[in-house]
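Asker: Residue-level listing of the chains:
2 protein chains.
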Amino acid sequence: MKEVHWLDVVSWNKDGLVPVIAQEGQSGKVLMLAWMNREALQQTAFTGEAIYWSRSRNCLWRKGETSGNVQKVKSLRLDCDNDTVLLEVEQMGGVACHTGRHHCFFQVLQDDDWVTVEPVQKNPEEMYGI
Amino acid sequence: MKEVHWLDVVSWNKDGLVPVIAQEGQSGKVLMLAWMNREALQQTAFTGEAIYWSRSRNCLWRKGETSGNVQKVKSLRLDCDNDTVLLEVEQMGGVACHTGRHHCFFQVLQDDDWVTVEPVQKNPEEMYGI
Numbered sequence: 034m035k036e037v038h039w040l041d042v043v044s045w046n047k048d049g050l051v052p053v054i055a056q057e058g059q060s061g062k063v064l065m066l067a068w069m070n071r072e073a074l075q076q077t078a079f080t081g082e083a084i085y086w087s088r089s090r091n092c093l094w095r096k097g098e099t100s101g102n103v104q105k106v107k108s109l110r111l112d113c114d115n116d117t118v119l120l121e122v123e124q125m126g127g128v129a130c131h132t133g134r135h136h137c138f139f140q141v142l143q144d145d146d147w148v149t150v151e152p153v154q155k156n157p158e159e160m161y162g163i
Numbered sequence: 034m035k036e037v038h039w040l041d042v043v044s045w046n047k048d049g050l051v052p053v054i055a056q057e058g059q060s061g062k063v064l065m066l067a068w069m070n071r072e073a074l075q076q077t078a079f080t081g082e083a084i085y086w087s088r089s090r091n092c093l094w095r096k097g098e099t100s101g102n103v104q105k106v107k108s109l110r111l112d113c114d115n116d117t118v119l120l121e122v123e124q125m126g127g128v129a130c131h132t133g134r135h136h137c138f139f140q141v142l143q144d145d146d147w148v149t150v151e152p153v154q155k156n157p158e159e160m161y162g163i
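Chains A and B supply the protein sequences, listed in that same order. Quick note, the first sequence lines up with residues 34 to 163 if you use the working numbering. Quick note, the second sequence lines up with residues 34 to 163 if you use the working numbering.
There's no promise every hint is true.
When chains are identical, the list treats them as one kind, so a pair holds in a single copy or across two.
Straight-line alpha carbon distances no greater than 20 Å define the calculated EDC-like cross-link-like pairs of lysine to aspartate or glutamate that follow [to be verified]:
1) K105 with D145
2) K105 with E158
3) K105 with E82
4) K107 with D146
5) K105 with D144
6) K155 with D114
7) K107 with E123
8) K107 with D145
9) K107 with D48
10) K107 with E151
11) K107 with E72
12) K155 with D144
13) K155 with E123
14) K107 with D144
15) K105 with D48
16) K62 with D114
17) K47 with D116
18) K62 with E123
Since the hints were made in silico from the structure, they are not lab data. Only a predicted model underlies this, so the values are computations on that prediction, with no experimental measurement involved.
Take these sequences, add in the hints, and give me the full structure.
Answerer: So, in structure tokens, the structure goes:
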């Protein structure tokens with residue numbers, strides 16, 4: 034019986050991408066959702082660092098390549114439908130979000146309004162040198 | 034200044050959907066990823082129970098409507114790009130996955146293979162009466 038390559042098990046969408054959730058192992062926080070193509074997932078598994086596909090820039094995006102906020106990957110999981118990946122990561126620098134916050138989900142619905150409830154920990158201008 | 038309706042803040046994709054991560058509040062486990070359209074998100078906020086959009090059945094899908102495994106929603110969060118929602122939920126019945134497992138991410142990458150590492154807790158035939 035021919036074995037299926039692990040990358041072929043993944044159910045890629047029509048753009049060849051899969052959504053990827055990054056969760057911080059230590060805190061359990063959901064840091065962000067991003068996307069990977071086949072090459073990004075392969076390189077993530079090979080290098081042990083999260084490498085996504087940037088849909089806005091149309092290129093591989095090594096998380097932290099500019100900011101230094103690299104994600105060390107502790108485990109990769111796939112869901113029951115094979116169409117979502119969950120990464121357990123260690124977030125270098127303690128900041129996953131480009132706004133300088135710990136994670137990207139800092140807006141909470143309160144009284145029919147999205148309210149920002151978490152502080153900026155690092156100045157984005159310093160992270161990105163702009 | 035005209036206030037923007039909270040549902041209009043969400044950056045819906047070209048199919049009118051947004052990916053939604055359900056995380057169990059108590060354990061911190063990422064239970065599943067599913068999708069919502071505008072009506073699903075509105076009904077989720079209004080009812081306090083997770084209502085998704087089924088892309089396979091093309092209809093609203095009240096989580097647990099058949100299985101009883103309803104998700105009580107404790108908070109709704111939106112990410113920095115306004116294109117992903119994070120729900121903090123209480124998972125009724127302790128089972129989020131249609132396979133009868135606690136959560137959907139039960140396949141772990143080990144030695145270039147996706148290995149099932151979590152047990153079935155409820156018989157799917159009993160959950161769905163099939």
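Asker: Output the indices of the hints that this structure fails to meet, ascending.
Answerer: 2, 9, 12, 15
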